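Colleague: The lines below spell out each chain.
Protein chains: 2
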Amino acid sequence: MIEQQCSNMSGHELDCIFNPESVAVVGVSTRPQGLQGTGTIFLESLVRGNFKGKIYPINPKGGRILGLKVYPSIIDVPEPVDYAICCISSLRVVPFVQDCALKGLKAVHIFSSGFSETGSEEGKRLEEELSSLARRSGIRIIGPNCLGPYHPKSGLSFSSSFPSESGPVAFVSQSGAFCNYLVPAMAQRGVRFSKVLSYGNACDVNECDLLEYLAADENTRVIAAYIEGVKDGERFKRVLRKTAEAKPVIVLKVGVAESGARAVASHTGALAGLDEAWDALLRQAGAIRVHSLEELIDMVVTFSRLRLPSGRRTSVLGIGGAGAVVAADDCTNAGLIVPGFPSEVQNKLRQLTASGGIGMGLSNPVDLSDQGWDILRDCVKAILDYDGIDLLILQLPIGAFPSPYQDMMFPHIKRLAYAFVQAYNESNKSMSAVITNFLSSAKDSEVALECEQVCCEAGLPVYHSLSNAARAIARFLDYHDYKARGGKQSD
Amino acid sequence: MIEQQCSNMSGHELDCIFNPESVAVVGVSTRPQGLQGTGTIFLESLVRGNFKGKIYPINPKGGRILGLKVYPSIIDVPEPVDYAICCISSLRVVPFVQDCALKGLKAVHIFSSGFSETGSEEGKRLEEELSSLARRSGIRIIGPNCLGPYHPKSGLSFSSSFPSESGPVAFVSQSGAFCNYLVPAMAQRGVRFSKVLSYGNACDVNECDLLEYLAADENTRVIAAYIEGVKDGERFKRVLRKTAEAKPVIVLKVGVAESGARAVASHTGALAGLDEAWDALLRQAGAIRVHSLEELIDMVVTFSRLRLPSGRRTSVLGIGGAGAVVAADDCTNAGLIVPGFPSEVQNKLRQLTASGGIGMGLSNPVDLSDQGWDILRDCVKAILDYDGIDLLILQLPIGAFPSPYQDMMFPHIKRLAYAFVQAYNESNKSMSAVITNFLSSAKDSEVALECEQVCCEAGLPVYHSLSNAARAIARFLDYHDYKARGGKQSD
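Just so you know, the protein sequences line up as chains E and H, in that order. For the first sequence, the working numbering gives the first residue as 1, with consecutive numbering after it. For the second sequence, the working numbering gives the first residue as 492, with consecutive numbering after it.
Please keep in mind that the hints were generated in silico from the structure rather than gathered at the bench. Any given hint might turn out to be false.
Stated by the list, open to error - Simulated crosslink set (EDC-like; lysine to aspartate or glutamate; CA at most 16 Å straight-line): (1) E/Lys443 with H/Glu937; (2) H/Lys934 with E/Glu457; (3) H/Lys934 with E/Asp444.
Stated by the list, open to error - Residues on chain H that point at chain E, a partial pick, calculated with CB under 7 Å: (4) Val745; (5) Gly746; (6) Ser783; (7) Ser936; (8) Ser958.
Given the structure is predicted, the values throughout are model-derived calculations rather than measurements. In this text, a Cβ means the ideal position worked out from N, Cα and C, and glycines have one as well.
Pulled out of the complex, with its shape left as it was, chain E reads as follows (with noise of 0.2 Å):
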């Protein structure tokens, strides 16, 4: 049963997840598909992915399915089988994978559920022997109840909606549900990802495990964790503190305000204290603590997309004088400085704007509101060009103008999409845009989408709202601070 190995592993047990040159899955069906039969859309991201090793659907009748020739058992593939997915009720799980031991697979993701999460008994016993089982055999099991790997470099992946190619960013959840919000959510804003794993109950890999595996893993330079709830404590202070030495850490941990709520009726203080405990555990660990999923996003596209501005000095550069006001408030509430350009700076800009601009809008920040079209690069080039600014921040409202502007205005938003997007390829300050989409009539939201898609590929990191862009960029300086001091916390 030791025969076979996965041969393009990095060494790494953990590496048989990620790279398995063979996978079976149990459970396929050529029933048509309600929310059950789910082995089959596994196969068929497998088949129709990118995934480049041997595929063995499992069904006690036989048969084929999708071309592919269907085995009754694990037992009877004639060939080493590297990893299996596992969609077939909780009761037939543990002897499934008793089976997968004796084959001598080396992991299996158990996408079931029916286990401790349900709070039963039953479920939390056959949980106990599959984590006996990975202990006793050696297998290693991811889940149950969980969505399993996405990778795109070796083709394996749950959504057929996931990008193909390769990125930074690595994303263990123990939700499988919000792998399926944020890895899109995340991958429209740019971000791609070297390795994604949805982990369920974590009945043996857990996230210390995959923190230790990804901290040596030379793909990933950003980890971004969901967290619900981890088993060893202790193991965990110590896993997260090595690893964010290592690399940035992003970990949305909940759970803590609900089992608090639950607790408050009887037990006043154990949420606050809690979600204290927690938060000074993130802390010291020199991890990067978010509250919600808008905030993940932000940090995840920060911290891979952003290049690192060399100081705090920010210009916004957007339409509308009230969005300007707004703008710099937000920066300096988030921890940035908006400095005012000097006359000479200012005087450019009046040269380069048609109408000899007006006010505040020549200062900094630059409102373009009334001024020609034509000057934008100029523009945004004479901000990029003065030495006092770290960071250029461009702001696109759209559907922010009243109706008879709002289809004039369409074109010039695109044009100044373009514009800065040139001038960041020509670059190499640190730069980004807001693109806020207000009312989201079907017409705001193409507009927004084809901004928004020109900047992420052009390598901008891109925001939906300013304050929220101005508080990541601002942590993110936090964080190359508190590395420039050695990892110390400031006071």
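Fit chain H to the known structure of chain E by using the hints.
Modeller: Same frame as chain E, but now just chain H:
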């Protein structure tokens, strides 16, 4: 010159701004329009909108425009005129307002810019002349540099995209651009307006006059204000306190941090002091401070549309277990309570759900992920029937499902929205809907917009993020607690 009066006035002198019987527009032209010729846009809003009074276009060349006779000057109009909209070069504004005063107009709205906002001596001098003219003649001036009034009842509007129906919200905004964002953005969320005024540089009519007026206005139940600066801090404090005693006043004060940012290089600490001073002023007055456009919208939606919950006990009904965990965190962090359901409620839900339900999915938050879709209305009803819940929030994540399921989910999501609306119509409990569009693809947007529209038309408050909804609702409850304490701040 004193013979005519705005006859449909309630007696307050500012009524003339919102209820003129006749309006003159100066700055109209038949030239093809760019960003110039704005007088014609105002004229069109009156002609094509619902304005019932008389309209007099003014242009030295005379002729006809939009079927109306053009008068060479305001003096030449043969009948009395209540009100004028002025869209001419700043240098010609003072003589025009002098003519208006001679003609006996009650009020002039000056759209033209080129006054104190330019920072130039000439601009400041011109604005000072306007102020002095207003004081001497008694004519009320709105602006300069603003979009003026939107008053659905009398058909006055500066945008054809604003609703023609009235509602309980008044909005005063120093910025015209923000009126153009915020009125349609709030309207899309179901908010309707009593009176809106973009008041610009406030050379005469200012935020204090408006707050006093709206405090007494019987058609206004909630006041929102966007303020950049006030000239008379003491009066503002006094008036704000009095207004906030009468009705909720939601204030977005901006420009604080921006001026702080300008000063921060040479004078550290100025920023914090200023911002804290504003915080204290607004808190002591009993106003509700918001810090972003999104928060302003959420608070206005809440104050104008949410049924006051009898307490903080909140249930969240959603799709997806991880969403439920985060929802519980968001609610608890915001200051709401998310109690677990007693077994009888859980059993009721278990009986209703086809698959028997899973674990925490049937406690609170309720996760309807894998349940049958025909029992949605009964599930909503089962939760509403439970006395231990004061508020029910529906969470509809659009675009949050993996691509094989996505299209299949849309009809279910829509059905859930309709089921929720039906339950709302039959219940007296406080309810709201959170419609999150994760990916903003064209199809996602379409489904999100349909769900939003259905919920808004039924009278439900709708939000775009659960954490923002929870925060707005918690602040709404804080406000009512504050009122119940007789307007005293809690510790």
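Colleague: Any hints from earlier that this structure breaks? Give me their numbers in increasing order, please.
Modeller: Going through the list in order, the structure violates hint 2 alone and respects the others.
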